[in-house]
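J.: In our numbering, the protein residues as written are -1 to 243.
Worth flagging that the hints you see were computed from the coordinates, not collected in a lab.
Ideal Cβ placement from N, Cα and C applies to all residues, glycine included.
Warning: the hint list may mix true and false statements.
[Claimed, not checked] Pairs of lysine-lysine residues, derived as DSS-like cross-links and limited to a Cα-Cα distance of at most 30 Å, are as follows:
| hint | residue 1 | residue 2 |
| --- | --- | --- |
| 1 | Lys83 | Lys19 |
| 2 | Lys61 | Lys19 |
| 3 | Lys61 | Lys153 |
| 4 | Lys19 | Lys141 |
[What the hints assert, rightly or not] Taking CB as the label site, the calculated pair distances span:
| hint | residue 1 | residue 2 | range |
| --- | --- | --- | --- |
| 5 | Asp107 | Glu128 | 52 to 62 Å |
| 6 | Phe84 | Ala114 | 38 to 48 Å |
| 7 | Val35 | Ser214 | 32 to 42 Å |
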Amino acid sequence: MKLQHYLGGLEGLPEPLNLEKRVFVEDWEQRIFGIHVAMMGLSNHLGAALPQYPIDDVPTSFKDEWTWASLRTGAEAMNPFDYFKFRYYEKWLGGITQFFIDQGYVTEDELSSRQAELAAEQAPSAPEPEAAIDDQVVDYLRKGDSPRRDVAHPKFAVGDRVRITNVPAAAHTRLPGYLRKREGTIERIFEGDYGYFVHTGDGIGDPMPIYIVAFSPDELFGERAEPGALTIYAELFEAYLEGVQ
């Protein structure tokens, strides 16, 4: 499993993590956040989302699907050395840029040319967006969209013992590395079957139940676990669980 997928439970990191408390460190990071939100508000999956949006009628040239899962996939697919070298929104910038290149919206040469224009302060002014595009993005910001597609159809029940699978790691996963092959107890079942929009290659994507699974520190960390009445909870897709005989 790639190291950057999940740092929880790891020992021997070279130094304590520096937790930046500012939401945006530099002004350009706000623009990256805005681009991501606009892409989500214009994503073509919204026509089938809850609530359904008239996305086919919006006069935008963006005709692809973009969700949080898309952003995470792009960031976590980075080379591990680059992933740890860059700050949070630098990872966003890398993932979004690569997406636009891969989908043919822009070429690397065009990006280089644009960078030269900006460096020389000769960049042309951006065209004003159509009102219908703005209206769709604002509507999305107000209403959001839900990955829930049905009532829950769980394979497991509250109180069941389950083992976490050790599926091969894909470019992106929602399975914390330190939980693999560990056993826990179903604490709660969420009310619906939820899709993940992106098929990650390790079992999730199509709608399925999500569970809260409780683990004892001893199960996860053995004799290294800290003493006391502690319980660790994780929200996990059903594809990551298997029954304990």
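J.: Work down the list of hints and note, for each, if the structure agrees.
T.: Comparing the hints with the structure gives:
{"no.": "1", "hint": "Lys83 x Lys19", "verdict": "holds, 18 Å"}
{"no.": "2", "hint": "Lys61 x Lys19", "verdict": "violated, 35 Å"}
{"no.": "3", "hint": "Lys61 x Lys153", "verdict": "violated, 36 Å"}
{"no.": "4", "hint": "Lys19 x Lys141", "verdict": "holds, 28 Å"}
{"no.": "5", "hint": "Asp107 x Glu128: 52 to 62 Å", "verdict": "violated, 28 Å"}
{"no.": "6", "hint": "Phe84 x Ala114: 38 to 48 Å", "verdict": "violated, 22 Å"}
{"no.": "7", "hint": "Val35 x Ser214: 32 to 42 Å", "verdict": "holds, 40 Å"}
In summary, the numbered hints that this structure violates are 2, 3, 5 and 6.
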